[in-house]
Structures are given as C-alpha cells and as structure tokens.
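Generate the whole structure from the sequences, applying the supplied hints.
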Amino acid sequence: MIMQKGKTWMVSGVIEIQFQKMKQLVERMNGLADGLQNLGEQQMMEQICQTKNIWISQSADTFIGKEVKQSVQITAMAESLRNVADIIEKQAKLMYFAEKANETIAVKRIY
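Under this note's numbering, the first residue of the sequence shown carries the number 1129, and numbering increases by one thereafter.
Watch out, some of these pointers could steer you wrong.
[To be verified] Calculated lysine-lysine pairs in the DSS-like style (CA-CA distance at most 30 Å, straight line):
id: 1; residue 1: K1236; residue 2: K1218
id: 2; residue 1: K1180; residue 2: K1194
id: 3; residue 1: K1218; residue 2: K1149
id: 4; residue 1: K1149; residue 2: K1228
id: 5; residue 1: K1228; residue 2: K1151
id: 6; residue 1: K1228; residue 2: K1218
id: 7; residue 1: K1180; residue 2: K1197
id: 8; residue 1: K1221; residue 2: K1149
id: 9; residue 1: K1151; residue 2: K1221
id: 10; residue 1: K1149; residue 2: K1236
id: 11; residue 1: K1236; residue 2: K1221
id: 12; residue 1: K1194; residue 2: K1151
To be clear, the hints were calculated from the coordinates, so they are not data collected in a lab.
Have a look at this one:
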C-alpha cells in the first residue's frame, strides 16, 4: 500500500499478485471439481457395474441403489464446487478491474 496524504491504494504489482492468487484458487477448485466428477460419473459407476456382476441378490440391489445415490451426490457436489469457482472468478475479475480503475484515477488526482 502507498500512503498519499491520508489516502491509500494498492500498487499495480499487488493488484496483479492478488488477482493471480485468485486465479490459482479457481484453477485448484476446478481441478477438484473435475476429480469429483470423474469419481462420481466414471469410477463409482465402474465399481457399481463390477459389484452388480459378482453379487446378485436383493441386498446387492439395495447396496447398488445406495452407491448410485452417492454417485449422484458426488457429481452434484462437483457441479456446486465448479459454480463457486465461477463466482469467485467473476468477482475477482470485477475487483481487478475496479482496482485498476481506482489506480488510474489516483494517478490523475491532484492533491
């Protein structure tokens, strides 16, 4: 932060660093969402198919039903995480452009 006659604003480098940190956070969240979606849609479904092939009974059907429900929940969590990442990314961009505009105004300001 730079102090100028009682006013403060972020220097350009700090703005860039904060924006890059937010982008990295969004990338990590999207990576986690991809992993969860893969788990829910592919890995669990493969496990369900294997279970169905080796275990045939009413108990197996109940167990498989619960696995399918968990798979759907995991996939929904992945989508929710991706939505939160999108919101964070949009807010970070808005804040970035607002800070850049503030910086431009501060440079032009005469005290």
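Structure-based check of each hint:
| no. | hint | result |
| --- | --- | --- |
| 1 | K1236 x K1218 | holds, 27 Å |
| 2 | K1180 x K1194 | holds, 13 Å |
| 3 | K1218 x K1149 | holds, 14 Å |
| 4 | K1149 x K1228 | holds, 16 Å |
| 5 | K1228 x K1151 | holds, 17 Å |
| 6 | K1228 x K1218 | holds, 15 Å |
| 7 | K1180 x K1197 | holds, 15 Å |
| 8 | K1221 x K1149 | holds, 12 Å |
| 9 | K1151 x K1221 | holds, 9 Å |
| 10 | K1149 x K1236 | holds, 28 Å |
| 11 | K1236 x K1221 | holds, 23 Å |
| 12 | K1194 x K1151 | violated, 36 Å |
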